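Chemist: Chain by chain, the residues run as shown.
Protein chains: 2
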Amino acid sequence: MRVSLIGAGNVGYHLAQRLRAKGVTLCQIFSRDAKKVNSLAEELGTEAVSDLQALSDEADLYILAVKDDAIVKVAGQLGYLNKGKRIFAHTSGATSSTVLAPYFHNYGIFYPLQTFSRTIPIDFDQLPLCIYGNDVVSNQQLTQLAKTICPNVYHLDDKQRRVLHVGAVMVNNFTNHLFAVTSEICKKEKLPFELLKPLIQETVNKLAYLDPKAAQTGPAARGDQGTINTHLNYLDSFPAYQELYRLLSASISQMKDIG
Amino acid sequence: MRVSLIGAGNVGYHLAQRLRAKGVTLCQIFSRDAKKVNSLAEELGTEAVSDLQALSDEADLYILAVKDDAIVKVAGQLGYLNKGKRIFAHTSGATSSTVLAPYFHNYGIFYPLQTFSRTIPIDFDQLPLCIYGNDVVSNQQLTQLAKTICPNVYHLDDKQRRVLHVGAVMVNNFTNHLFAVTSEICKKEKLPFELLKPLIQETVNKLAYLDPKAAQTGPAARGDQGTINTHLNYLDSFPAYQELYRLLSASISQMKDIG
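Those protein sequences? They're chains A and B, same order as listed.
Under this note's numbering, the residue at position 44 of the first sequence is numbered 44, and the numbers go up by one with no gaps.
Under this note's numbering, the residue at position 226 of the second sequence is numbered 226, and the numbers go up by one with no gaps.
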């Protein structure tokens, strides 16, 4: 299977690296940023393209690893490649596969469920790769490629992927925001945020042993209103964080009551 | 230094194990639960006590590893031991040291900042041990003992410890609640929560490289109101979680705007 990658952002970059490492033929890689894509193409021994109308039709699969709000715009410009059995897949957790339907016969999803940073290596042996194809052949082809680069391949439809993406926002974006809030408080109080890192790691380690609902501890879980009030008083000088504290405590208490 | 431990809950249990492993003399260990304390004392080769009025005065330090709301009650019954240079320290992040002042000449804090479960080993080489003594001698004695069992010893006053405890609730209890919420959604949708674990671990791994504020990603951080609305619509059937989603997204957006 021959692949061309459209997009050289964090997802495109790491996908390209992994495809190459697993011996998949990378025909071309596209980015509007000519300098960026030239350097990446050189690193990968593939061809750089910086004009979206100049992609060759030699690939079997075109992976659109572009920002969510660019998917439709990019798809709309790739009609000239929509020939034969070529497949077009995007990498977004948040975007329906059906946005590709007006433009392509064969389309699907190639969504690595992970947070990507340019400089941090991605372990494709650990992450789940969620795929979807709009027909049997697309599904087979995408599955085959997915299994080449990742041992954990899941078939999810648009609804399932949307749910999982809501979950990803909760456990990644919202969790990180709680870290950020705490880090800001620590900065203001001249306390090292470092002190909390072993606790953070242990919070995650517990997931291997316990269901998070069963693992819930803290003042709200034990109905310790005295400690909650002490904390809310302290947070008087951070009204936005105080509201977060109040709502999250109420939510913990409610989950416990419902059982 | 000779230590007696009051309380055989999760903190008391792991502290006792660690003190023993580091060769500290454990005079006695107390719990009202006679069966529990007998078995623990036997495991540790120390003496079990289940009557709070029957502790010997041979220890230099009495560690009150009891629930927050029991500290004052227990302290009030230990007046008969308040002789000479004996020190009394509690292990709570949430409770002021001064609650001990009415009962003891020498008192302080011995607070291991970590989440404790009975069955999961605790790595005292990683956690921060936060101590405080009400005078120079108490401070010295508590520091010496702390350094015997933990390389990361911090002197924090009551205010600093309270702030850190607010942070601990944020990064541990609230983070775990977000995991629990997501796990409940996954259960209802028959999706494996397992799929999100690599993402959770990576969210934490990033803290080693990036300040969490700088690491913030997701729909709220990039002002992607379309995705936020899609997620809020999905959460119509989970009104409590919908409110969490809305407030956390607003808080991320606000932090980004303030810069």
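Simulated from the structure, these hints should not be mistaken for lab results.
Heads up, a few of these hints could be off.
Identical copies look the same in the list; a pair holds intra-copy or inter-copy alike.
[Stated by the list, open to error] In silico EDC-like cross-links for lysine to aspartate or glutamate, where the CA-CA straight-line distance does not exceed 16 Å: (1) K256 <-> D211; (2) K159 <-> D60; (3) K22 <-> D125; (4) K197 <-> D211; (5) K67 <-> D224; (6) K197 <-> D125; (7) K190 <-> D158; (8) K256 <-> D123; (9) K147 <-> D123; (10) K22 <-> E189; (11) K256 <-> D57; (12) K35 <-> D135; (13) K73 <-> D57; (14) K197 <-> D123.
Here the structure is a predicted model, which is why all the values come from computation and not from measurement.
Chemist: Indicate, hint by hint, whether the structure satisfies it.
Modeler: Quick rundown of the hints versus the structure:
For a Cα distance limit of 16 Å, the shortest separation of K256 from D211 inside one copy, 13 Å, qualifies, whereas the shortest one across copies, 33 Å, does not. Proximity of K159 to D60 under the C-alpha cut-off of 16 Å is found in neither arrangement, the shortest distances being 27 Å within a copy and 63 Å between copies. In this assembly of identical chains, K22 and D125 lie within 16 Å of each other by CA distance solely inside one copy; the values are 12 Å within and 39 Å between copies. Taking the shortest alpha-carbon separations for K197 and D211, only the inter-copy value of 12 Å comes in at or below 16 Å, while the best intra-copy value is 21 Å.
In this homomeric assembly, K67 and D224 come within 16 Å of each other (Cα to Cα) only across copies, at 11 Å, whereas the closest approach inside a single copy is 45 Å. For the homomeric pair K197 and D125, the shortest alpha-carbon distance between copies (13 Å) is at most 16 Å, but the shortest distance inside one copy (25 Å) is not. In this assembly of identical chains, K190 and D158 lie within 16 Å of each other by CA distance solely across copies; the values are 14 Å between and 46 Å within a copy. For the identical chains of this complex, K256 and D123 are neighbours neither inside a copy (36 Å) nor across copies (29 Å), given an alpha-carbon limit of 16 Å.
Proximity of K147 and D123 under a CA criterion of 16 Å is satisfied intra-copy only: 14 Å inside one chain copy versus 37 Å between copies. Taking the shortest alpha-carbon separations for K22 and E189, neither the intra-copy value of 49 Å nor the inter-copy value of 34 Å comes in at or below 16 Å. With identical chains, the CA atoms of K256 and D57 are never at most 16 Å apart, being 57 Å at best within one copy and 42 Å at best between copies. Proximity of K35 and D135 under a CA criterion of 16 Å is satisfied in neither setting, with 37 Å inside one chain copy and 64 Å between copies.
Neither within a single protomer nor between protomers do K73 and D57 lie at most 16 Å apart by alpha-carbon distance, with minima of 19 Å and 79 Å respectively. In the homo-oligomer, the alpha carbons of K197 and D123 lie at most 16 Å apart only across protomers (13 Å), although the nearest pairing inside one protomer, at 22 Å, exceeds that limit.
The structure does not agree with the numbered hints 2, 8, 10, 11, 12 and 13 stated previously, though it agrees with the rest.
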